[in-house]
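Just so we're on the same page, this note's numbering is the position in the first sequence counted from 1, plus 4.
Mixed in with the good hints, there may be bad ones.
As the list claims (entries may be wrong) - Here are the computed lysine-lysine pairs in the PhoX-like style, where the Cα-Cα straight-line distance is at most 20 Å:
#1 K425 x K590
#2 K425 x K409
#3 K590 x K578
#4 K360 x K323
#5 K700 x K658
#6 K688 x K674
#7 K425 x K884
#8 K409 x K57
#9 K966 x K933
#10 K764 x K590
#11 K585 x K642
#12 K57 x K22
#13 K858 x K869
#14 K589 x K578
#15 K68 x K308
#16 K644 x K22
#17 K590 x K570
#18 K57 x K413
#19 K733 x K700
#20 K585 x K734
#21 K425 x K413
#22 K223 x K508
#23 K589 x K570
Hints in this document: simulated from the structure, not taken from any laboratory. Given the structure is predicted, the values throughout are model-derived calculations rather than measurements.
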Amino acid sequence: MDHDGVLVTQEKPKKPRKVPDHVILSGGRNNRYWVLDVEERPGHKTLTLTCSKSLHPTETCLLKDGWEMTPVRRGDVVHLEGHSEGASWVVDREQGFLVLLPDSLISGTSISSSIRCMRRAVLGDMFKVKSFTNTITITPCLFMLVGCFVDCFTGLRLMLVHSVTLYCASSRELLQLKIFLWGHCLSCRGQDSAAVVMVTELADIEENVWSPRFGLKGKIDVTARIRIQRPRNGSHRTPEEKTVPLELKTGKESNSIEHRSQVILYTLMSLERYNPEAGLLLYLKTGNLHPVVASHMDRRELLKLRNTLVHHIHNCVEKEAERSRLSRLPDILTNRQTCQYCPQTRNCALYERISKFIQISADVSEDVVHDFLQQETGHLRPPHLSYFSHWMLLCFLEASTMEAKNGRKRVWLQTAEESEKNGSCVGNVQLSGPVMVQSEGVFLHRFQRNIAVPQKGLTTSGLASGDRVVVSDQEGLLVGLATGYLCEVSRTSISCTLDRDLSKFSGVLFRLDSDEGVVGLSTHLTNLSRLMENCQDSDRLRELVVDLRPPEFIFNLSSVLPREAKDTVANILKGLNKPQKQAMKKVLLSLDYTLIVGMPGTGKTTTICTLVRILHACGFSVLLTSYTHSAVDNILLKLKRFRVGFLRLGQGQKVHPDILPYTEESMRKKGVHTLSELEQLYNKELVVATTCMGIKHPIFTRRRFDFCIVDEASQISQPICMGPLFYAKKFVLVGDHQQLPPIVQNQEARSLGMDESLFKRLELHSEAVVQLNVQYRMNRQIMSLSNSLMYEGQLECGSERTATALLSLPFLISVQSELSSYSETEPQHDLVPALESVEQGGISNHTEAALIHKLLSLLIKAGCKPSDIGVIAPYRQQLKSISALLQSSAFTGVEVNTVDRYQGRDKSLIILSFVRSTAEEGTLGELLKDWRRLNVAITRAKHKLLMVGSVTTLRRYAPVEKLLNHLQRENMISFQSAHKALPSIPL
DNA sequence: CCTCTGCGAAGAGGA
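Whenever a hint applies, use it, and build me the whole structure from the sequences.
As structure tokens, this is what we get:
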């Protein structure tokens, strides 16, 4: 503190910071200010702000009467409510609100749960705790019940004076609703008995509200229209009409501060829709209706809580001396009443243990806390705690990068026109035709462009079928009305399935925004937390994953093979090669786990399919998973041909059409009405298949499997990969750590090892590893590249036919003569520098693209089928510039894609464009530094591989350098100039 | 510098 009493909270010197690209600032109603400086004085705080990315002009905001406690920091984005005079705002007891990080929408229940324990609310945001009850439900929830009576009574004027009786058609249950006499504002409270409130209409049920103004979100049980009749001096005044949120509670009538706060928050969220000054709280057990008046004071205090909560959620990682670490959470509350039934006790204790572990211990050493920690985490040893905290940190780092990229805020901060330019939005559409109910809670909508506004077609919008979408109104008042999936995009209309029926908005102009990247890392965190649980499943997995206990095997196959299955198994094994058979044997003998290394082209899918068949024949149950839907379905498509039944879990939209009949969705359509029928469906098949993220399905609250198989395991991060493993006694991971690792966007997280898969971690136990090294894809020369780069000669051809297979080019000779004349006429062309260009969307190389175009023309002319050709590049932008040259119909069928996307696939002929070609000292990108990406790139071709790139630049990448050396040694580089090389394998 | 797939969700209620 200096002599003025100014407390400098930020580190001096104050460097003027640039506003990051992803931050959107604005003035006006949804204003977004960037905090340039925070000046604290006793009793108040002054912020220096700007809503312009150029950092001027600046404004100030004075925070006092408690607002100065808001944990706002330099570099935060805030929203201001109230008014300003001459660019200076005042937020105090009477007026104004400060909303910290308003684009992080916090749910009403999170805030109300923070009233008693802020720590619990923060933990609740990180860890989704699975409820202790059975989550398999068929019976409609309360809201469907209410929905039913809305159907029956909409339009009916209900005369509710003192009490009213409603019949609920679905349950034949009698609901008695006593309607309390109620005055709508505070001053009337004393004369409540004089006012009569009538609910005249139920305007909406389970309305979804996103309120970017207050940084809130929630679902409002009932939106009710009410009439307030206030007699005065015997004479009747005209009744007042109001629309208010009504919160239903089926439990005990507590009228608790949490319940009332929820209602107050709903009044804030719906401020822009109908500006309610109060809401209703209805307890169905007693039928009592409580009015909840939303005073400025209540709203103010709740928003302060929200600000504290959002601060903790956002600052879960802090940086010290260039190194990140987990931040401390709000203090532990040791109130037996509150803590006793808290669902977060384990995480609360875990977090305390790891924060002590990492930081200098705080003063908490009370016996109560000690006992609590002992009880919850006594079973964990230091390695467990450090695994947990390490991965928590990695996940938070990664989440922060994803958050920065998260485009959801564009839905309310950008106009539809602006978003359409990014190709992530379609604006100016309205409902066309009726809304169809597809199934429970799935409503099929069709939208059309508003004809009054002439615009380009919808197919160019960038939205494609299968995308997740959010529907909002065009004006930005009704944000996040519904979410769902796009089904079909045609030139004139768009259809999608939504979670709400929007038919009452006919005529309203909508915008549809793609809703990507909002998954977050809650599955990761929840899995990590689960790994630390004190229970059998978790203890065993923790031993294997964290302690790296060596896996055990038995030696006698006959003890696991049922006698009656022996012949079948022997029969199935016949089609396999040696290493594949070995893999089968190893899995059967394993007591813990097996790792199958599937080198390129070695028949991974076939192997897994066979493995499932064998396990099935032995009567073992199998949980079959992978990270992607397509990988899961690939195996199932093969499995389908044999007589192996299975149940496929997952969104129908994402499942392969041929697998659809096996999904839960289509099974349920055949008639599942009771809980036991549903259980039957879930238990019927020995084989269940889903993605790693699909494990929160209710089936897993009960069922356990003998084996869990995870395909693509080397591409899955540890916290996700372990998810399905909780549900099986033994597991099999299939992958190849020499191919692509899990994608990690955050640089620091990657450097701290987040891209190490479980497959790789466990690989140190070589006794658990079987290698599939016999491949049926590449011919001998192509295979030699990979062998010299990665596999040290381990890769073998499965047959002489594979080894010698060549591309057939029936018209080669005529093209050759043409080619030689071409070279003679334009020899200097190849000496033109082929420099890369850095554009908005990434890096590309137009010269390489042109060269590839030429190569393709020649090859196709020589008789190569376009569908046998794949063009790959590490950079997405390069695909665009190549595809742009391949518009002619002659090229239809040529598949242009990234290296990453080609993993697991092959083509007869592959042309690889390396793209990078910089002048001398240009910076090197990350992509080509990865050995594994290069390995994938060169192992996609069966018969011919053409690589196009600049040798001088590429030599700076260690992996490519090694490859080039090999090519040179083997005399495989056929052409080279100063700036360009065209290595190729002779035909 | 730039590779990309996952996913329902806020809130239900027991003391």
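Hint by hint, here is what the structure shows:
For the hint linking K425 to K590, the alpha-carbon distance of about 54 Å lies beyond 20 Å, and the restraint is violated. Between the alpha carbons of K425 and K409 the distance comes to roughly 17 Å, so the proposed pair stays at or under 20 Å and holds. A hinted pair counts as satisfied when its Cα atoms are at most 20 Å apart, and K590 with K578 qualifies at roughly 17 Å. Our distance criterion of 20 Å between C-alpha atoms is met by K360 and K323, whose separation comes to about 17 Å.
Pair hint K700 plus K658 holds up; C-alpha atoms about 17 Å apart against a cutoff of 20 Å. Among the hinted pairs, K688 with K674 is consistent with the structure: their alpha-carbon atoms are about 15 Å apart, no more than 20 Å. Proposed proximity of K425 and K884 is supported: the alpha carbons are some 17 Å apart, at most 20 Å. A distance of roughly 18 Å separates the Cα atoms of K409 and K57; the hinted pair therefore holds under the 20 Å criterion.
A hinted pair counts as satisfied when its Cα atoms are at most 20 Å apart, and K966 with K933 qualifies at roughly 12 Å. Under the criterion of a C-alpha separation no larger than 20 Å, the hint pairing K764 with K590 is consistent with the structure, at around 18 Å. With a CA separation close to 18 Å, the supplied pair K585 and K642 stays within the 20 Å bound. Distance restraint check for K57 and K22: the Cα-Cα separation of roughly 8 Å lies within the 20 Å cut-off, and the hinted pair is therefore satisfied.
Using a Cα cut-off of 20 Å, the hinted pair K858 and K869 holds, with the two alpha carbons roughly 15 Å apart. Straight-line distance between C-alpha atoms of K589 and K578 comes to about 13 Å, which keeps the hinted pair within the 20 Å bound. At roughly 12 Å between alpha-carbon atoms, K68 and K308 fall within 20 Å of each other, so this suggested pair holds. Our distance criterion of 20 Å between C-alpha atoms is broken by K644 and K22, whose separation comes to about 56 Å.
For the given pair, K590 sits about 16 Å from K570 by alpha-carbon distance, which is consistent with the 20 Å threshold. Between K57 and K413 the alpha-carbon distance is near 17 Å, which keeps this suggested pair within the 20 Å criterion. This hinted pair checks out: K733 and K700 have alpha carbons roughly 18 Å apart, not beyond 20 Å. Straight-line distance between C-alpha atoms of K585 and K734 comes to about 19 Å, which keeps the hinted pair within the 20 Å bound.
Simply put, K425 and K413 have alpha-carbon atoms about 16 Å apart, close enough for the 20 Å limit, and the pair holds. A hinted pair counts as satisfied when its Cα atoms are at most 20 Å apart, and K223 with K508 qualifies at roughly 18 Å. Restraint check: the Cα-Cα separation between K589 and K570 comes to about 13 Å, which is no more than 20 Å; the hinted pair holds.
Checked against the numbered hints above, the structure breaks hints 1, 16 and satisfies the rest.
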